[in-house]
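Novice: Protein chains in written order, with our numbering: chain P, 1 to 443; chain Z, 1 to 290.
Rather than coming from a laboratory, the hints here were simulated on the basis of the structure. In this text, all values refer to a predicted model and were calculated from it rather than measured experimentally. Backbone N, C-alpha and C fix where the C-beta goes; we use that ideal spot for every residue, glycine too. There may be inaccurate statements among the hints.
Just a few of them, taken from the derived set where beta-carbon distance is under 7 Å, the chain P residues facing chain Z [unchecked claim]:
1. E72
2. L216
3. N261
4. T270
5. V279
6. T352
7. G371
8. P372
9. I376
10. E414
11. T417
12. G418
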Amino acid sequence: MLRSKFLTAGAAILATALSASTALADITILAWPGEPSESAFRKVLDLYNTTEGAKINSKASVIYFSQQGFKEKMLADVAAGSKEFDVMLTSTYDVGLYAPFMTPIDDLVTDKVYDVISKNAIETQKYEGKTYGIPTDLSLHFLYYRKDLIDQLNTDPAWKAKYEEISGKILGKKLSPKPADQWDWDDYIASALFFTKSINPDSPVRYGTVLQMKNLLYNIMLWQGTVASNGGNWRDKDGNITIDSPAYKRGLEIYKIITDNEATPGDSSTYEYGEANSVFGAGQVAFMVQWNAAVPEFTGDKYPAVAGKLGLSHEPAGSEGPKTHFHSLGLGLNKNTAKLDEAKAFLTWLATAEPMKLYAKEGGSPPLAEGPMSEIAGDRPEMVLMGEHAAKYGFVMDGATSAKAMGIYTNMAENFTGYWTGEMEQDEAIANVVADMKKAFAQ
Amino acid sequence: MSYVSFETKEQASARALLVPLCLFLGALLGFPTLINLWYSFSDVSFQNMIGSFVGAENYIAALTNPKMWQALGFSLQFAVICTTLEVAAALVLVFILHPLLIKRPWMTAILMLPMMVSPALMGVMYRLILNEFTGAIPVYLEMMGHAVNFLGRGNIYKTVVAIEVLQWTPFAFLILLTARQTISYELEEAAAVDGATGFRSTFHILLPMMKPALVIVIFVRFIDSFRVFDHIYVLTGGGPGNLTTSISIYIYKLFFVQNTLGEAVAVSILLLLMSLTLIVVAMRLVVRRS
């Protein structure tokens, strides 16, 4: 009797030990905060925890830092060897900076993944030939415009005449209005001037456009479509720095002309994403170039002043046609994680159709391949446009995924915002940026 | 003989009691200081946290970078202006509100409210309040026919100064109020009997008696304003250009964004040396005068 009790107890202990050895640990994900992607990602995690995660006995939870200083905090953490998160954020523009602290995931990127996620987007998560992240959000720029105003500009003879008069007087050439999808940068400037009340008192809005000119690296990404559309790049194919070029000068002038003529709000030098949205949403400007993430804000009922009046197009064209900066945010492996298998299991699942489609439906902007994209097109029509724009007009500056990219963008932000607001001359701003880039790339 | 041995015992136990404090300070300040000294002479980066010795390269880079001098100039100017305005405003408030606050001391708590808000939050608040379209202040001013663009290039410097002054004047006020309240009523009464009222009483009796507190307030506020970071970073990011880049923002960008850790630490150490020199000079002046 006693012996059988011992045997039963021993079997129970053995069973517990065995089951414990097959159970996987829970993982923590450090993701980019902010709506609508934050709530969408939480729904994806719920799905994981009730399906695949439950199956393999590994739950995933998410932590967020605040957006301000997010990258700096993450960098300090990974450099210190933190194991607080197993999966971490990756971005096209700093994948080179974080690569030494991450484990490449090329073994997870199988052909099946390309059926779900666009190949171009996966390329944006590569550094020196290795893939570091599963892209979860694509970011690029659209021209957001008020359809009612631009339609009237193209049909009302009095508005047309005034437009020609203003463009002739300020730009020195008589331009005629065009539909927004046919604009070049001259049309963009001329329209900005036309819709500015201080220049045209009959304008129904206070300013033509809103520029984001806070000393912030993301604002340079937003601006550099003006450069790329005129053939500009950070470096040429031989690695020479090409900032001191007609394309960069033209790009800088576009913002300068608009700023000097006060066709953007006077406090634009402190503006970033949120401020620009609130000005456009309040019906105070006619158009703006903005990140794609703003689309859901203007298609809902948050801003009654522009409800039903939103038009979307590509950025205005330069000599090389329209271009848009694009990058992706993604999730990759913290090199220090003690739960590599569990983290890999999560990323493998994340790169399948079901979670990606759920993420898109809930407000995220995953760079889906054609198949899954067509399935969610009804819910998120602008995502189809995003896919098209990324493929047709997307560019990544040469060197903009290197470990020094963030520093270069920041230096550009300091100098170029200084030029736009009259703190320094254009030549000085360009020379400062070139000197900084030479130093950065020499290292 | 017994007196001498008593003294020695006292000294020995005093030294023994100081040991934990010295160990604590050594661990808290000594180790980081030493490692930072090493960093300032190395090419340390986030990718290579040990780094290799590069001599005085970081110090040369720091001292020959015009941006550092520009940021230092901004911080000095900002600190002088803010400290002057805060102390002046606090003094005026102390003399005006002192009689009222004796009767209703709970009102002091209300005056302290701005100080309790985090400076970063203050930046966010003013980003909204001063926005040309959505901010309450510009909208009301425009309704009254006085459109002011607080965050525009021409006003941004004044705006960041005003925010600092609004937030930290209560601190100066609190210290000076406490000093004012320690001056006995009898003394003021005696001065009044001798014919010293109003201006003479304030400048010849009250202010000289508040001088130690004034020196401390000026000192603390100067240091605090000199290392300003939060609200400026949130509001302007140090721009436009480098117009509002303080030395703290400059170091932060060198460290986290440019990934030039060695140079950032070198600037910090130079700053520490400058501050120590200033402190020693200031303290000697204070001691000599007192």
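Novice: Run every hint past the structure and note whether it holds.
Specialist: Structure-based check of all given hints:
1. Taking 7 Å as the C-beta contact cut-off toward chain Z, the hint placing P/E72 at the interface holds, the least distance being around 4 Å.
2. Interface hint status for P/L216: upheld, as the beta-carbon distance to the closest one in chain Z is roughly 5 Å, under 7 Å.
3. The beta carbon of P/N261 is not positioned within 7 Å of any beta carbon in chain Z (closest approach about 14 Å), and the interface hint is therefore violated.
4. Annotation: P/T270 was flagged as interfacial toward chain Z, and the flag holds, the nearest CB pair being 4 Å apart, inside 7 Å.
5. Given hint, P/V279 at the interface with chain Z, holds; its Cβ is 5 Å from that chain's nearest Cβ, closer than 7 Å.
6. Hint status for P/T352 relative to chain Z: violated, with the closest Cβ pair at about 33 Å, above 7 Å.
7. This hint is violated: P/G371 has a C-beta 39 Å from the nearest C-beta of chain Z, more than the 7 Å allowed.
8. The interface hint given for P/P372 is broken, as the beta carbon of that residue sits about 36 Å from the closest beta carbon of chain Z, more than 7 Å.
9. The interface hint given for P/I376 is broken, as the beta carbon of that residue sits about 34 Å from the closest beta carbon of chain Z, more than 7 Å.
10. Below 7 Å, beta-carbon pairs count as interface contacts, and P/E414 has one with chain Z at about 6 Å; its hint therefore holds.
11. Proximity of P/T417 to chain Z holds as hinted, the smallest CB-CB distance being about 5 Å (cut-off 7 Å).
12. Interface restraint check: P/G418 against chain Z, minimum CB-CB distance 2 Å, threshold 7 Å, status holds.
Violated hints for the displayed structure, listed by number in ascending order: 3, 6, 7, 8, 9.
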